[in-house]
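Visitor: Residue numbers (the working numbering), protein chains in the order written: chain A, 1 to 640; chain B, 641 to 911.
If you are wondering where the hints come from, they were derived from the structure by calculation, not from laboratory data.
Please note that the accuracy of each hint is not assured.
To be verified - Cβ-to-Cβ under 8 Å is the rule here; a few derived chain B residues that face chain A: (1) 714; (2) 790; (3) 794.
Claimed, not checked - Computed list of lysine-lysine pairs in BS3-like fashion (alpha-carbon distance at most 27 Å, straight line): (4) A:7 x A:32; (5) A:7 x A:21; (6) A:496 x B:697; (7) B:697 x A:490; (8) A:618 x A:640; (9) A:479 x A:466; (10) B:675 x A:496; (11) A:59 x B:772; (12) B:847 x A:59.
To be verified - Chain A residues, not near chain B, derived (Cβ > 12 Å throughout): (13) 138; (14) 153; (15) 364; (16) 468; (17) 477; (18) 513; (19) 544; (20) 571; (21) 595; (22) 638.
Owing to the predicted nature of the structure, the values given are computational and were not obtained by experimental measurement.
Where is the CB? At the ideal position from N, CA and C, for every residue including glycine.
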Amino acid sequence: MAKLESKVPSGPLADKWRKHKADIKLVNPANKRKYDIIVVGAGLAGSSSAATLAELGYKVKSFVFHDSPRRAHSIAAQGGINAAKNYQNDGDSVYRLFYDTIKGGDYRSREANVHRLAEVSVNIIDQCAAQGVPFAREYGGLLANRSFGGAQVSRTFYARGQTGQQLLLGAYSALSRMVGAGAVELHTNSEMLDLVIVNGHAKGIIVRNLLTGAIERHAADAVILATGGYGNVYNLSTYARQSNATAIWRAYKRGACLANPCYTQIHPTCIPVSGDYQSKLTLMSESLRNDGRIWVPKKKEDRLKEPNAISEGDRDYYLERMYPAFGNLCPRDIASRAAKRVCDEGRGVGESGLGVYLDFSDAIRRLGENGVRERYGNLFDIYHEITAESAYQVPMRIYPAIHYTMGGLWVDYNLMSNVPGLFVLGEANFSDHGANRLGASALMQGLADGYFVIPYTIGDYLAGQKPGSRPSPDAPEFKAAEESILGVTKRLLSTKGREPVSHFHKRLGKLMWEHCGMARTASGLRQALKELPQLREEFWATVNVPGSGDTLNQSLEKAGRVADFIELGELLCLDALTREESCGGHFREEHQYPDGECKRDDENFGHVAAWEFQGEGKAPLLNKEPLNYETVKMSLRNYK
Amino acid sequence: MVASSTSKSSLSVTLRVWRQAGPNQPGKFVDYAAKDLNPDMSFLEMLDVVNDDITTKGEEPIAFAHDCREGICGTCSCTINGKPHGPGRGIATCQLYMRSFHDGDLIVVEPFRARSFPVIKDLITDRSAFDKIMQAGGFITVRTGAAPDANSIPVPKHDADLAMDAAACIGCGACVAACRNASAMLFVSAKVSQLGLFPQGQPERDKRVLAMVSTMDAMGFGNCTNQYECSAACPKTISHDFIARMNRDYLKASFRSVFKPVSNSTGGGAA
Ligand SMILES: Cc1cc2nc3c(=O)[nH]c(=O)nc-3n(C[C@H](O)[C@H](O)[C@H](O)COP(=O)(O)OP(=O)(O)OC[C@H]3O[C@@H](n4cnc5c(N)ncnc54)[C@H](O)[C@@H]3O)c2cc1C
Ligand code: FES
Numbered sequence: 001m002a003k004l005e006s007k008v009p010s011g012p013l014a015d016k017w018r019k020h021k022a023d024i025k026l027v028n029p030a031n032k033r034k035y036d037i038i039v040v041g042a043g044l045a046g047s048s049s050a051a052t053l054a055e056l057g058y059k060v061k062s063f064v065f066h067d068s069p070r071r072a073h074s075i076a077a078q079g080g081i082n083a084a085k086n087y088q089n090d091g092d093s094v095y096r097l098f099y100d101t102i103k104g105g106d107y108r109s110r111e112a113n114v115h116r117l118a119e120v121s122v123n124i125i126d127q128c129a130a131q132g133v134p135f136a137r138e139y140g141g142l143l144a145n146r147s148f149g150g151a152q153v154s155r156t157f158y159a160r161g162q163t164g165q166q167l168l169l170g171a172y173s174a175l176s177r178m179v180g181a182g183a184v185e186l187h188t189n190s191e192m193l194d195l196v197i198v199n200g201h202a203k204g205i206i207v208r209n210l211l212t213g214a215i216e217r218h219a220a221d222a223v224i225l226a227t228g229g230y231g232n233v234y235n236l237s238t239y240a241r242q243s244n245a246t247a248i249w250r251a252y253k254r255g256a257c258l259a260n261p262c263y264t265q266i267h268p269t270c271i272p273v274s275g276d277y278q279s280k281l282t283l284m285s286e287s288l289r290n291d292g293r294i295w296v297p298k299k300k301e302d303r304l305k306e307p308n309a310i311s312e313g314d315r316d317y318y319l320e321r322m323y324p325a326f327g328n329l330c331p332r333d334i335a336s337r338a339a340k341r342v343c344d345e346g347r348g349v350g351e352s353g354l355g356v357y358l359d360f361s362d363a364i365r366r367l368g369e370n371g372v373r374e375r376y377g378n379l380f381d382i383y384h385e386i387t388a389e390s391a392y393q394v395p396m397r398i399y400p401a402i403h404y405t406m407g408g409l410w411v412d413y414n415l416m417s418n419v420p421g422l423f424v425l426g427e428a429n430f431s432d433h434g435a436n437r438l439g440a441s442a443l444m445q446g447l448a449d450g451y452f453v454i455p456y457t458i459g460d461y462l463a464g465q466k467p468g469s470r471p472s473p474d475a476p477e478f479k480a481a482e483e484s485i486l487g488v489t490k491r492l493l494s495t496k497g498r499e500p501v502s503h504f505h506k507r508l509g510k511l512m513w514e515h516c517g518m519a520r521t522a523s524g525l526r527q528a529l530k531e532l533p534q535l536r537e538e539f540w541a542t543v544n545v546p547g548s549g550d551t552l553n554q555s556l557e558k559a560g561r562v563a564d565f566i567e568l569g570e571l572l573c574l575d576a577l578t579r580e581e582s583c584g585g586h587f588r589e590e591h592q593y594p595d596g597e598c599k600r601d602d603e604n605f606g607h608v609a610a611w612e613f614q615g616e617g618k619a620p621l622l623n624k625e626p627l628n629y630e631t632v633k634m635s636l637r638n639y640k
Numbered sequence: 641m642v643a644s645s646t647s648k649s650s651l652s653v654t655l656r657v658w659r660q661a662g663p664n665q666p667g668k669f670v671d672y673a674a675k676d677l678n679p680d681m682s683f684l685e686m687l688d689v690v691n692d693d694i695t696t697k698g699e700e701p702i703a704f705a706h707d708c709r710e711g712i713c714g715t716c717s718c719t720i721n722g723k724p725h726g727p728g729r730g731i732a733t734c735q736l737y738m739r740s741f742h743d744g745d746l747i748v749v750e751p752f753r754a755r756s757f758p759v760i761k762d763l764i765t766d767r768s769a770f771d772k773i774m775q776a777g778g779f780i781t782v783r784t785g786a787a788p789d790a791n792s793i794p795v796p797k798h799d800a801d802l803a804m805d806a807a808a809c810i811g812c813g814a815c816v817a818a819c820r821n822a823s824a825m826l827f828v829s830a831k832v833s834q835l836g837l838f839p840q841g842q843p844e845r846d847k848r849v850l851a852m853v854s855t856m857d858a859m860g861f862g863n864c865t866n867q868y869e870c871s872a873a874c875p876k877t878i879s880h881d882f883i884a885r886m887n888r889d890y891l892k893a894s895f896r897s898v899f900k901p902v903s904n905s906t907g908g909g910a911a
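With the rest of the complex left out, here is chain A:
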């Protein structure tokens, strides 16, 4: 049984972080250079932490599977980043951002972590502006804001439709500075394939050099994983194609608990699927919901009619109708399910019937075409490239798609997993978004973790580790881990069956979307849990991985990742089956109110479900961390 101590400090909520910072142990400046820290991943969370830890004097080794840290998936975030600056004077505050995030997460996140997130959000904007991040500005030269789902204030900072790109390039420039200064050793094209544990502590990793195929051992005093989310379990998603769960999955298999895997987020506004060859689903930023109005025809028979030929009276602006207070800006899970519902009723648009309109004609009347272009031009361009349609003339067609994963490795208040020395940041951990993440809060969390939390909290662990006590990479634990990786590689390469890896990824994706997607049922999940082990067996028996292990081999990379996705998919379904309630992104059809809203069961499920690996072929063990709400009262989410 894993020990899950949340280590949430005592005292009033608003004082916890300040008090904790004053209480935790420090590493003195001269000693910092005696500690090596491995950071896997260089998205927002990884780059910001690697740069900051190096500034502090630690010796940092940074690993990414990309050819450059600048290519991390964070680059694709479009809409913006939240911060409680209250620059708009519209009543925002740290408390409000905290409260919105807790409520948006459907009361399944840890209060203290979320409050800290809201507190440091303001520092993030300062930091990024100082780095030269080109945030949108008003004519007076001050920063501009927009609003995002789940909030009634304008607290989202943005850089056109490329906020993630600009924030990542800011963090990447900070990281580059430290690489140039010799304070960070950068390993690109390096994929972590295993975590090495020595005497119960995370002390290193095994990586494959993706260019040469060489398997390398790296030892350190602590290991940080900032490896992103696992949404590609569903194959089709808004994630970059290479995003994968291998790092967290292998850490899970070494004893780190995986928390709430069933909390997956479906984004309501993505470009619908067009064919079987499809490799990804493109997101149309949530910011579009500021000015776009979502509707479907009232009558089924209008479904294939030209949208502009459907009169106002025959349109159902269903979000405005069902959620008048928040309208088109209600949270993602709610907007997604509402889209599914109207499509299930047969009113979905487009050939497949799996689509709803996002209409800008009112906004164009109000702001002019140029006004709309200024706000969303690049998104309209993307839409045009993909569909060959102009959203200035006809409404966009959109449909929900997998977009983010709230679940992840379990961490305590210090962002340390239950394995001492293993820290987890950004989307890879589980802590801040509960059962549903609000828009523009992932970027905030990644940078909060990396710039402003881990630089303090890692000291608390390292201060207890004697300088120079880290094991050598020749230790038997490293050797054993390396051998197990070599074994897996050999097995994958020697099967030479009939099916390419993509075949299994597609099947896995379909299965997961059908049984563990927007709406889940016990019988569907049981069915998935029956089929997944079969898929796994088939994979190992019939996969075809051409080529060898000692060169660049993309088939081999994919095979390892898909093998892990299949296993993770199983845990995801098990978690979804075990959680007999609906909350946020986890919707169990058995548990809903008559109007289709989520029916939580706080008494029996007001906890974090942290799964612990028990060995191949054995059922994982469920550990529970109770969620104690000291300040907010768990209540029914209401956006009406």
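Based on the hints, put chain B with the ligands in the right spot on chain A.
Guide: Frame of chain A; chain B with the ligands shown alone:
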């Protein structure tokens, strides 16, 4: 105007693809038939389908770089029919759709070609030289936590907008591949201009441009002879005006670095 997304007539093309097993190994073009393609599929999805075919035949699929598949990460990097990122304007390879081609077309696919971007395998090149240039000076030095309130330094909207135009660079290297001199001036000037347009970027302005340009030279990139192929190939259509801007910065910085008075105190108040 491209064909409408509802046109469902399929197309078949022949791909002539550069195959090279590894760095410093000889490469050659190999033809592949890609049949019955849906015009709505992306160019990379077409490669996926071809690769699954090749794999099923037991051969090694075509290695190509890709990730986000929406034109923002800068990973994809094919030269298609002689043009980096292919025939479309202002798009990356991953944003190219098969509806841009005709039934029966021969499509020649190569890696980005440039001295400073050696081929790793098939269509994948090593672009780490860009990272080296960034490490030399592509940043504003600001220690985490030391920044003043973001609104304490207003930035004229016009400057911020222009900085954003430059900052849109995705670091793909198409500018280098398109340039007959394999120059990296567009890439470098975009970063130099972005940071130089902010008040925050002024203290290191001279140092930055000198360091980035000298690293660019050291990495073997060529000179700019004002052909502007770079901007034409850029998926973000970054303007070559930034090159002129950087040249001015560079001249001023070189001049100042010679004549600027230097403080005698180097350590600065160690106590
Ligand atoms: C299309 C899109 C738009 C979005 N828009 C927004 C938005 O507007 N606002 C917002 O707040 N959020 C948004 N998000 C969510 C947000 O972008 C992500 O949650 C966040 O960027 C994740 O950052 P990260 O640092 O945790 O991980 P990532 O950016 O995913 O980085 C993961 C890193 O880990 C490395 N890595 C992974 N596995 C390994 C391994 N085994 N070995 C070595 N390296 C490894 C990768 O190379 C990479 O560097 C969006 C997401 C998508 C998909
Ligand atoms: S794959 Fe990211 S830009 Fe093309």
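Visitor: Would you mind marking each hint as holding or not holding in the structure?
Guide: To see whether the hints hold, each was checked on the structure:
{"no.": "1", "hint": "714", "in the structure": "holds, 6 Å"}
{"no.": "2", "hint": "790", "in the structure": "holds, 4 Å"}
{"no.": "3", "hint": "794", "in the structure": "holds, 3 Å"}
{"no.": "4", "hint": "A:7 x A:32", "in the structure": "holds, 24 Å"}
{"no.": "5", "hint": "A:7 x A:21", "in the structure": "holds, 13 Å"}
{"no.": "6", "hint": "A:496 x B:697", "in the structure": "holds, 11 Å"}
{"no.": "7", "hint": "B:697 x A:490", "in the structure": "holds, 20 Å"}
{"no.": "8", "hint": "A:618 x A:640", "in the structure": "violated, 45 Å"}
{"no.": "9", "hint": "A:479 x A:466", "in the structure": "holds, 23 Å"}
{"no.": "10", "hint": "B:675 x A:496", "in the structure": "holds, 25 Å"}
{"no.": "11", "hint": "A:59 x B:772", "in the structure": "holds, 20 Å"}
{"no.": "12", "hint": "B:847 x A:59", "in the structure": "holds, 26 Å"}
{"no.": "13", "hint": "138", "in the structure": "violated, 7 Å"}
{"no.": "14", "hint": "153", "in the structure": "holds, 17 Å"}
{"no.": "15", "hint": "364", "in the structure": "holds, 21 Å"}
{"no.": "16", "hint": "468", "in the structure": "holds, 27 Å"}
{"no.": "17", "hint": "477", "in the structure": "holds, 32 Å"}
{"no.": "18", "hint": "513", "in the structure": "holds, 19 Å"}
{"no.": "19", "hint": "544", "in the structure": "violated, 6 Å"}
{"no.": "20", "hint": "571", "in the structure": "holds, 26 Å"}
{"no.": "21", "hint": "595", "in the structure": "holds, 36 Å"}
{"no.": "22", "hint": "638", "in the structure": "holds, 33 Å"}
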